[in-house]
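Enquirer: Taken in sequence, the protein lines are chains S and B.
Note that my numbering has the first sequence beginning at 1356, numbered continuously upward.
Note that my numbering has the second sequence beginning at 322, numbered continuously upward.
No lab work stands behind these hints, which were simulated from the structure alone.
Even glycine gets a Cβ: it sits at the ideal position worked out from N, Cα and C.
Hints should not be assumed to be uniformly reliable.
Simulated coverage check for chain S against chain B, where a stretch passes if three residues somewhere in it have a Cβ under 8 Å from a Cβ of chain B [to be verified]:
(1) 1459 to 1467
(2) 1493 to 1505
(3) 1542 to 1548
20 Å max Cα-Cα, derived SDA-like pairs, lysine to any residue [as the list claims (entries may be wrong)]:
(4) S/1539 / B/340
(5) S/1539 / B/418
(6) S/1550 / B/375
(7) S/1550 / B/346
(8) B/573 / B/549
(9) S/1403 / S/1375
(10) S/1412 / S/1558
(11) S/1539 / B/346
(12) S/1412 / B/408
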Amino acid sequence: MIFVKDKEIVVPGDVLADEEYHTGRGTFREKNNILSSLVGLVAIRDKKISVIPLQSKYIPKRGDVVIGKITDIRFSMWNLDINSPYSGFLPASDVFGKEKRELSRTFDVGDVLFLRVVDVDEVKKVKLGLKGRGLGKFRGGILINITPTKVPRLIGKKGSMINMIKDETHCDVVVGQNGVVWVKGEPEMERVAEKVIKMIEEQSHTSGLTDRVRNMLLEILGEIQEESEDLEGSEEEEENREEFIQ
Amino acid sequence: MVSIIPEITRESVVYLIKEGKRADGRAFDEYREVSLETGVINKAEGSAKVKLGNTQLVVGAKTQIAEPFSDTPKMGVLMTNSELLPMAAPNFEPGPPDENSVELSRVTDRCIREGKVVDLEKLCIIEGKKVWMIFLDIHVLDYDGNLQDAAVLGAVAALMNTKVPTATVENDEVILDHEKMIPLPFNEKALMCTFAKIGDELVLDPSLEEEEIMDARISIGMRADGSICAMQKGGKKPITRDEILKAVNIAKNKTEELRKYLE
């Protein structure tokens, strides 16, 4: 017996199903029932029932790709903030091999890197690595933070959502599993992408999102085009505004 | 804990400002959405909740009868305190107030005191013995830049909202009439405008991102007639005379705008 529908919003303690089903993430069993332990959306797959939280923190997992910023340099490693309760570290040996070099010349505090989680041990020390395609330091662009559970939604089925944003705004977009998104392109387009990504985060639990995102993108891009056409005939206005600022 | 700002975020914000734009699309002299609610705490004599974009704080005013300070026997006492709650931002820690918290409360206090928001002399009940004491507590719930303007707006709103029982003196005893509650002797709405200097530009109401990368900051407290009642400069770099004058001019219009929320 099941008491909820797929994609229904539940709160902790809500009874989801009875023993016919299996417990998944965000659920627990009490007596003969399966209950939710989170606020989120129900996801039913075959006989497995789980709850996807509306908001979450990133818990590092081996093999994930994440975006982190360097917070500290130590003798033989960099410390990184990976938007998680646990901080990560990148050993110098992973970057230099056996060579000995000044760490701060390669990456300095405040640099933003795209990394892979190499290992997470029992006490949640997160070892990061830079070996892999596309991993390394970011130059330019902006960072956007979203809730990590919404990352799959932002990427879409086989990357449909993220590719649409890339195509429409002509921006490079990199999504870390930890909910940090890096966007680089024309500054104006970066902001458009930011707006769209924030909108996806807000409405990720609703259906028909891809179409709405497409409409929104086209609408904003249309407006920008009109504006740039208008600008050609309004140089006078531009001058006035400058005077005002002075 | 010091929060570290990614270098690329700094670059993009500085670049945008140079181009005359801001990350959230505001004009340089534009506030985020302001919302103000008063009387949010039943247990306090006066209270207010302010939202400035995503920055959120509550201010509570408590009153009490106590002995005045010996150097000002005829004046009521105003005390301002602020609390940066750890839930407001990842880099706010529990424990004794740090310098940011002290600065917030002291600058707010200065703006209210020097702006003569409340007539402290009318708060005297028996000279040298009994006066009203007002405690203003600022609790920051969510930090997204520019706590200062929000704190002053909230503090003034809370003071306007405060009601005290009428106090009469009989045989050197103070008798409170809780049936007849009266507002505080309120006479001025002094408010504050904060600017962040980024590159060569001054931007009003800095967001968290802007506040983290700013070179300097200046807060200007202003009364309704345009006189300056408080000023505070922060940040590492200097601010020129012209920039201060420009900031004062903008503050004149913008405090007027904020004042509308108090009606």
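Enquirer: Each hint should be assessed against the structure and marked as holding or not.
Expert: Verification of the supplied hints:
1. 1459 to 1467: Check passed, 5 qualifying residues.
2. 1493 to 1505: Contact hint for the segment 1493 to 1505 of chain S vs chain B: holds, 6 residues under 8 Å.
3. 1542 to 1548: That given contact holds, which follows from 3 residues of the segment 1542 to 1548 of chain S lying within Cβ reach (below 8 Å) of chain B.
4. S/1539 / B/340: Holds. Residue 1539 of chain S to residue 340 of chain B sits at ~17 Å (cutoff 20 Å).
5. S/1539 / B/418: 40 Å, violated
6. S/1550 / B/375: 16 Å, holds
7. S/1550 / B/346: Holds - the C-alpha atoms of residue 346 of chain B and residue 1550 of chain S are around 11 Å apart, at most 20 Å.
8. B/573 / B/549: 9 Å, holds
9. S/1403 / S/1375: Holds. Residue 1403 of chain S to residue 1375 of chain S sits at ~9 Å (cutoff 20 Å).
10. S/1412 / S/1558: 18 Å, holds
11. S/1539 / B/346: 18 Å, holds
12. S/1412 / B/408: 15 Å, holds
When held up to the earlier numbered hints, the structure conflicts with hint 5 and nothing else.
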